[in-house]
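These protein sequence lines map, in sequence, to chains A and B. Position 15 (the first sequence) corresponds to 1353 in the working numbering; numbering is contiguous. Position 94 (the second sequence) corresponds to 176 in the working numbering; numbering is contiguous.
Everything labelled a hint here was simulated from the structure, so no lab data went into it. For each residue, glycine too, the CB sits at the ideal point set by N, CA and C. Hints may be right or wrong, so weigh each one.
Said to hold, decoys possible - Below, simulated BS3-like cross-link-like pairs (lysine-lysine); rule was C-alpha separation at most 27 Å, straight line:
| hint | chain 1 | residue 1 | chain 2 | residue 2 |
| --- | --- | --- | --- | --- |
| 1 | A | Lys1383 | B | Lys404 |
| 2 | A | Lys1384 | B | Lys349 |
| 3 | B | Lys243 | A | Lys1384 |
| 4 | B | Lys341 | B | Lys297 |
Claimed, not checked - If you want the ones that stay clear, here's a sample from chain B, every Cβ over 10 Å from chain A, calculated:
| hint | residue |
| --- | --- |
| 5 | Gly162 |
| 6 | Pro188 |
| 7 | Thr250 |
| 8 | Asn275 |
| 9 | Gly286 |
| 10 | Ser362 |
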Amino acid sequence: MKELVFVLLGLVLFGGLFFVIVYNGLVGKRNMVRNAFSSIDVNLKKRADLVPNLVSTVKGYAKHEQETLTRVIELRNRISEAKDDSERFRLEGQLGPEMGRLFALSESYPELRSNENFLNLQRNLTEIEEQISAARRAYNAAVLEMNNAVESFPSNIIANMFHFVRHDFFEASESDRASQQVGFD
Amino acid sequence: MRDLDSIITELRPTLEALEPQRLEYKKKSATFLLVIGCIVGALVIAGLATQRMIPFLIGAAVAAVISILIFSFTVGKQRGAYLMAFKSAVIPRVLNLIDSGLGFDPNRGIGSDTFRYSELFTTSPDRYQSEDLVWGSYGKTEIQLAEIHAEDRRTRTRDGKTETYYVTIFQGLLLIADFHKHFQGRTFVLPDNAEKLLGRFGRGLQKLAGRSGTKLVQLEDPEFERTFAIYSNDQVECRYILSTSMMRRILDMKNRFGKDDVRIAFKDSSVWIAIPHTGSYLEPKIGVAAMDPTQIRQMLGELQAFLAIVEELNLNTRIWTKE
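Using the sequences plus the hints, can you model the full thing?
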């Protein structure tokens, strides 16, 4: 009888310990996903912040590109007024290539290429695009770990009990993928 | 740009002036060896003749040790002086051919504090040597490159006697280069011995290793993952540094050197690369004439092999905010 009590006690202790480890692991993984997501967010905001400066620099040189300039400003305004994340990310996905197009204007306007401010903005955009891509990769790595934990046995039992859910990978939009063909590094 | 041949011609008078120094050393060392050989031989023969080997053998050993000491303090110094004069004359010119922004000092190296600070190796060295410092700007990249030999002192007890011996922590070249992107955190790319040996279980062990405050990072490139264990204190920044193309570039560099234990640290917006190397590096041979152009060509080759890392990792491309 005494032995049975010890065995039961041992099982309960083991079960408790297992629960704590798995639960904390899941919380850690979920926080990693959130953290990675917020760094994508921060970098997308940084990119959108370049727009006013970029537009005012380009305006002076490329008067015939009014249409592109208006489109970029409009996109930026719609981003700041976006109702939810999914709409915002869809618009962000369009902003990247549009901005890329503005920088490509320097091909047809050589004076733009020698403008110090323009070159500086170009460096900043390259930097931010690189940061966004890094943040996306970090997010996807975090999601992979999270999804593995949520789906595999036995951690899936605790995940289901406490509503830890699968996350979607951050996929590059079609237009983004096209613009990434021109790699920098 | 001037070519190597014109430098070889230009250096000829300087090297011809050094040649007598080399020949004198060779002659003196040969004489010295002959004298030591005669003394030791005579003592051994005397031992055989008198049937009292032990005192004569001890005498021979003492004579040999004393002669070696005298040799290193007299003729040995001459060798050092020759090597130094040769390197000081040749290497700055050869470096100039690679990039005029590079300088060389055979007596200086990378300090042991800097070596420790890199965190590339966890053991702190007890005996440390560094020489042949190349420094300056290579293209747009500031670099420091030096030969390093770091050792750890250990003791063991054998037959009741405690003896001290040294184990090499690292012997090879350390390159410190300004990285082309700004970053604040610490990222380490270390050889992945655990996963190679133990597979999945090894991956579990990796999590326990690493440097203080860092976590294991899983990257997308499977070959890179198999070859290296990556640790960082910033998951996003680590991927900003190790872009998909940078991972490829690092793998290519590692394969070019063909060494397993290549270690890389990213710290203070710089990259620190340790490449094991045990053969001679920037050392002229005593047996080869000072004017022999093959030595100079070899030195250029050695310098190019290590400095090529800067190009290989694309560090001279400055399209990000860091100029």
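Going down the list of hints, with the structure as the test:
no., hint, result
1, A:Lys1383 / B:Lys404, "holds, 21 Å"
2, A:Lys1384 / B:Lys349, "holds, 24 Å"
3, B:Lys243 / A:Lys1384, "violated, 67 Å"
4, B:Lys341 / B:Lys297, "holds, 25 Å"
5, Gly162, "holds, 45 Å"
6, Pro188, "holds, 36 Å"
7, Thr250, "holds, 36 Å"
8, Asn275, "holds, 23 Å"
9, Gly286, "holds, 13 Å"
10, Ser362, "holds, 36 Å"
Violation of the numbered hints given earlier is confined to hint 3; every other hint is satisfied by the structure.
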